[in-house]
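Colleague: For reference, the chains in residue letters:
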Amino acid sequence: MIPRHQHYLFWALAAGILLALAFLLHGCRQAEKRLATPQDETPISAPISAENETVTLDLASDSDGAITRQDRPLAMPVEASTRARALLEHLLVQYTLPGSAHPLPSGPAVDDVFLLALPLQEPAQASIPRKSSAISMRNSPVYGDSGQLAVVNLHGAFADNHPSGVEVEALTLDSIIGTLHANLPQITQIRFVVDGHPRETLAGHADLTRTYPAVDTAATRP
Amino acid sequence: MTPLARHLALFGLLLPAAQDPQQTPTPPPAPRSTLNHALVFLDPAHGGDDAGAPLLSPAGEPIFEKDITLALAGRLRSQLSALGLTVLSTRDTEAQAAGAPSTGAISPSAPTPDQRAGQANHVHPFACIVLHATGTGSGVHLITSALPLPHSSDAVPTLLAWDAAQAGFLQQSDRLAAEISTAIARAGLPVHTSRATIRPLDSLTCPAVLLELAPTRGLSPADSGYQARVAQSVATALLFWRGHADPPAADPAAAAQP
Ligand SMILES: [Zn+2]
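Protein chains in written order, with the numbering used here: chain A, 3 to 224; chain B, 11 to 268.
Where hints are given, some of them may not hold.
To be verified - Okay, the calculated beta carbon distance ranges per label pair: (1) D147(A) - P68(B): 47 to 57 Å; (2) H132(B) - V95(A): 44 to 54 Å; (3) A119(A) - R196(B): 45 to 55 Å; (4) P72(B) - A159(A): 35 to 45 Å; (5) P72(B) - A77(A): 21 to 31 Å; (6) A69(B) - S148(A): 51 to 61 Å; (7) A159(A) - D124(B): 43 to 53 Å; (8) P121(A) - A197(B): 43 to 53 Å; (9) F250(B) - Q72(A): 33 to 43 Å.
Claimed, not checked - Sample of chain B residues at the chain A side, in silico, Cβ under 7 Å: (10) A63; (11) H142; (12) G147; (13) S148; (14) H151; (15) I153; (16) R196; (17) H202; (18) I208; (19) E222; (20) T226.
As the list claims (entries may be wrong) - If the Cβ cut is set under 10 Å, some of the chain B residues that face chain A in the computed set are: (21) D60; (22) G70; (23) P72.
Hints in this document: simulated from the structure, not taken from any laboratory. C-beta: ideal position from N, C-alpha, C; glycine also.
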């Protein structure tokens, strides 16, 4: 004679098996339906327009302190500030590759590049304190007042881990300046900030409180 | 921070430049002064809390740039004194500013770049040599200011910014760098010249060259033999330069003050 509780357990297990089978069959039918319907190819977000083109990189070399121009094919965005940022990221990645002539530590280097029309106009409604930092940005009375000012916002870790030295720091700035000048001729002046704030030097030497003229640095460092 | 807010914040940082007191144009320069043809000004960079670049000694032990620049300045001072030249240095000990009263204890802070330029500009040396050392690059880097050369029509500038005081001396500085470069190359050491924007170089009213010692052929900038060869070459070049240094047509020395 089977005890009553074993009888109940048998029927409960049998019911569970049937339910699991029904669930599996339902899942299979759903999957079949999903595969049968055509894929929806509507993009979720607008594509970033990027066209392959030739860009010029001003590449630095520590051994002789020279900057050499090199043309490279690169998919570049159309919008100018995004273009400038993509260009500088591509440039600075070259220095993290094995065998680089100007080795820099890897990691994000450029947060943003802002392009401002010159001469600068004071924002009428800006409620930002005029002196938000102890470090003042120095003026540049000598480089003219037309074209665009590029403000290159470097990543804090990039500056903190940059090798320290007069020449090595100057080469990094000259490489950035020359590359911007070669590809975005509307830029006439360049300033550097780190994590959105002014900083005295890149890694103890190169002056970041100055405005730099956008020039062909490969010509000044043959 | 949203991109717009950051944009505006950057804008706010850029605008105050016009009101920066350091940018206030100074009055027209005083009548032409002469350079002191017996005086060399040395600036061993860094010191105190500012250790400079981390390097390795010949024994492979950690050493800081501030100690190498001080050692190199000491060697250069000995060489120049032996040649009969007077030497003034921005710091003679680890951090203590030259001329500061000696209390026996080392001050934790070295002179600021503006203080270093102020000391140099006060005494009108015929050469200012700023000393640095680095673990990157090769040989001796000779660097002059990246300020634009003044146009010929600007021979007598009426306005002068502290941050651009070197402009009037740039041609002299380039010639001095060429003399030092020749002497170092003659000693069989690799050398190259370039330009950079670094304080206090742009504020110096003297023929000014920044000398950065980098490793070469397995030699560390901390190597005493390497330093001695460089010091001797620089001293030889300065002895020659003594007879060629001239103040520019209009001497900005009297006008440029921090
Ligand atoms: Zn240094």
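Colleague: All the hints need checking, so say for each whether the structure fits it.
Modeller: Hints versus structure:
For D147(A) paired with P68(B), a C-beta distance near 52 Å keeps the hint of 47 to 57 Å intact. At roughly 47 Å, the beta carbons of H132(B) and V95(A) sit within the given window of 44 to 54 Å. Between A119(A) and R196(B) the Cβ separation comes to about 51 Å, which falls inside the hinted range of 45 to 55 Å. Against the hinted window of 35 to 45 Å, the Cβ-Cβ separation of P72(B) and A159(A) comes to about 22 Å, which falls outside the hint.
Distance hint check for P72(B) and A77(A): the Cβ-Cβ separation is about 44 Å, which falls outside the suggested range of 21 to 31 Å. Take A69(B) and S148(A): their Cβ atoms lie about 56 Å apart, and the range 51 to 61 Å holds. For A159(A) paired with D124(B), a C-beta distance near 29 Å fails the hint of 43 to 53 Å. Taking 43 to 53 Å as the suggested C-beta distance range, the pair P121(A) and A197(B) conforms, at roughly 50 Å.
Range check, F250(B) to Q72(A): about 40 Å between beta-carbon atoms, so the 33 to 43 Å window is met. With a cut of 7 Å, the hint placing A63(B) at the interface with chain A holds, because the nearest CB-to-CB distance is about 4 Å. Interface restraint check: H142(B) against chain A, minimum CB-CB distance 5 Å, threshold 7 Å, status holds. A hinted interface residue such as G147(B) counts as satisfied when its beta carbon comes closer than 7 Å to some beta carbon of chain A; here the least separation is about 5 Å, so the hint holds.
For S148(B), the interface hint holds, since its Cβ comes within 7 Å of a Cβ in chain A; the closest pair sits about 5 Å apart. Taking 7 Å as the C-beta contact cut-off toward chain A, the hint placing H151(B) at the interface holds, the least distance being around 4 Å. Hint status for I153(B) relative to chain A: holds, with the closest Cβ pair at about 6 Å, below 7 Å. Among the interface hints, the one on R196(B) is violated; its C-beta lies about 19 Å from the nearest C-beta in chain A, farther than the 7 Å criterion.
Nearest Cβ of chain A to the Cβ of H202(B): about 5 Å, under the 7 Å cut. The hint holds. Because the smallest distance between the Cβ of I208(B) and any Cβ of chain A comes to about 6 Å, under 7 Å, the interface hint for this residue holds. For E222(B), the shortest C-beta to C-beta distance to chain A is roughly 5 Å, which falls under 7 Å, so the interface hint holds. At its closest, the beta carbon of T226(B) sits 10 Å from a beta carbon of chain A; the interface hint therefore is violated under the 7 Å criterion.
About 7 Å separates the beta-carbon of D60(B) from the nearest beta-carbon of chain A, less than 10 Å, and the hint is met. Annotation: G70(B) was flagged as interfacial toward chain A, and the flag is violated, the nearest CB pair being 18 Å apart, outside 10 Å. Annotation: interface hint on P72(B) violated; nearest CB of chain A at approximately 13 Å, more than 10 Å.
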